[in-house]
Amino acid sequence: MRRPGSARGFLPTAVAWWGVWACVLTFAGDMPSGVVSWPTGKPAGIVGFDCILEEDSPLAGARAAMFLEYAVSRQAIAYDIVWAEPCWGAIHFPVPPTGTSLYADDARFVVRQALNDVAWRHSLPATDRGVFTHTLGNYPIDESRFAFQEARARRLTTDDIPAFDEAAGPGSLDALLPERPGRRKTRISVTTMAADRIGFSVLTAMPDEHRRFEYDFQSGRLASVLAGVSEVRVPVGGFRVEAKTPEFPDGVIIDRLPARYRAGGRVTLVEFGPQSIEGIDLDLPSRIRVGTQDREPGGADPLRRATMSNYRSLPEMPSADTIGSRFTTDPLFEREQTFRKLTAQHWNRPIAAVDPADAAWLRTFADDCLGMAREEPRLPIRLKLLFMAIASDLMVGNGARADAEGLPAHDRALREAGLGAIADLAAAQVADIRANWGRVEGDFE
Amino acid sequence: MSNRSKVFGVMGLFLAVNVVVFLVERFDRPSPRIQADDVDARIPPEALPINRIGLAGEVASGTFTGPSMVSLEMRENVDFLLTPALLVQQAITEGAIVTYPEE
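In order, the protein sequence lines correspond to chains A and B. Residues in the first sequence are numbered consecutively from 1, following my numbering. Residues in the second sequence are numbered consecutively from 446, following my numbering.
Just so you know, these hints were derived from the structure itself, not from any lab. The C-beta atom is built at its ideal place from N, Cα and C for all residues, glycine as well. Treat the hints with care, as some may be off.
[Claimed, not checked] Estimated spans, in silico, between C-beta atoms of each pair:
{"#": "1", "chain 1": "B", "residue 1": "Glu539", "chain 2": "A", "residue 2": "Asp128", "range": "27 to 35 Å"}
{"#": "2", "chain 1": "B", "residue 1": "Glu539", "chain 2": "A", "residue 2": "Arg349", "range": "53 to 61 Å"}
{"#": "3", "chain 1": "B", "residue 1": "Glu539", "chain 2": "A", "residue 2": "Gly171", "range": "30 to 38 Å"}
{"#": "4", "chain 1": "A", "residue 1": "Arg184", "chain 2": "B", "residue 2": "Val455", "range": "38 to 46 Å"}
{"#": "5", "chain 1": "A", "residue 1": "Ala107", "chain 2": "B", "residue 2": "Leu458", "range": "57 to 65 Å"}
{"#": "6", "chain 1": "A", "residue 1": "Ala431", "chain 2": "B", "residue 2": "Glu539", "range": "52 to 60 Å"}
{"#": "7", "chain 1": "B", "residue 1": "Glu539", "chain 2": "A", "residue 2": "Arg184", "range": "37 to 45 Å"}
Based on the sequences and whatever the hints tell you, model everything.
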């Protein structure tokens, strides 16, 4: 039965149904949950890996490479700095890098310098970062507990996915992430939500930070994450100071902002690769490169670079009480300590001043180190052995062998690891030391 | 026009506007590439910086490199040692989403 006037309502009705179906069809194809596969973690026990970490410090005019071994479990992280280059002078780092270890979990943050027998132990959670009072390159290594804590609080979980869906939904500009202990009020804004790409911004308040993330997937696997922080504001005495590190008459500044380079912000590219740990198929990071707006992270000269390799399953995790014991229980440890003592005693002195007994010990030690280096497959250990062989040879006047064997092998090992700039620095340091030695009165080389 | 038609008409108009708004919003999204001067149009106004130059602009125009800057640089370098471990920890933690941890 047709009601009077219903014919005149046909057009609006058709438009309405067209609208309904258009919306349903359009939005159904855009529902993030249906098309996006978030890269989520899979339990894989305790994972160990090696890492070469290269850091350029343009403000300090320094450059260094560190060789670390990491151990990571679901609850804790740990690292040992096995070796650092260039090895002929002081490294731009808060402590002597080699022999430094870290252990951190939800409750503890421990740093130990095993060779100097010093440790810094803290309970977590720590208080928030305070004002930054460090100058001239000083920064206590145990203050990285704040970074650890902040990074853990910023972590995203599958509980946050509904907020991303909401932010990516029709007509939605952004969404709030669920509240979580330690997490500041965080808004997210989605720019891309597709099967092969996810892009979003993260905004936090007090201090205000704007970070961006872009995920790339290839064949359904996580290939890379591009991350950037371009805007930071910090509260200072009731004012908001944007993008600059404020200084006050008492020298107090706020610790939050990146150090200021020629171009600011940070852009980081993390590349991932497939790894199998105890039969679990994982996408694990293979390379991290940090640049600035004018130093592309993918370029040849990033600010910081980390290359991970040799992923493996570990039987157990180092504990807060045993970190660094690998250094002190190493069969070579006592001889290394003697070498360190003799180096401090005789370095930069004429050969004639070296005690004959010490010289004999150094000759034997140099022979042994060179022999072990020839057989040593692990790069950082080989570099360390070569360093000790070269230094011992130079101290006892055996420069000819250092020139023929130790130095070329050390240089070659660095260059083969892609550390050409570090190799150049090491070569310049050795040349400088030998030039200075030449000015020391006495029978030297 | 019947009441039913009026209701459908309004609904249709509403939905059509919704579709248009959605399409405009969808195709007006900024490039996902990270750019210093590319302030996301989707960021709520209260979250935008007071001064839109941002850190990149400040840094590009600034020449100040005080003694504290070298320590901030050291802070970044030291904190960066945590990053590889934090990334891997996310990858082996059930329920965690792998993301750059911003050490």
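So, going through the hints one by one against the coordinates:
no.: 1; hint: B:Glu539 to A:Asp128: 27 to 35 Å; verdict: holds, 29 Å
no.: 2; hint: B:Glu539 to A:Arg349: 53 to 61 Å; verdict: holds, 59 Å
no.: 3; hint: B:Glu539 to A:Gly171: 30 to 38 Å; verdict: holds, 33 Å
no.: 4; hint: A:Arg184 to B:Val455: 38 to 46 Å; verdict: holds, 42 Å
no.: 5; hint: A:Ala107 to B:Leu458: 57 to 65 Å; verdict: holds, 59 Å
no.: 6; hint: A:Ala431 to B:Glu539: 52 to 60 Å; verdict: holds, 53 Å
no.: 7; hint: B:Glu539 to A:Arg184: 37 to 45 Å; verdict: violated, 25 Å
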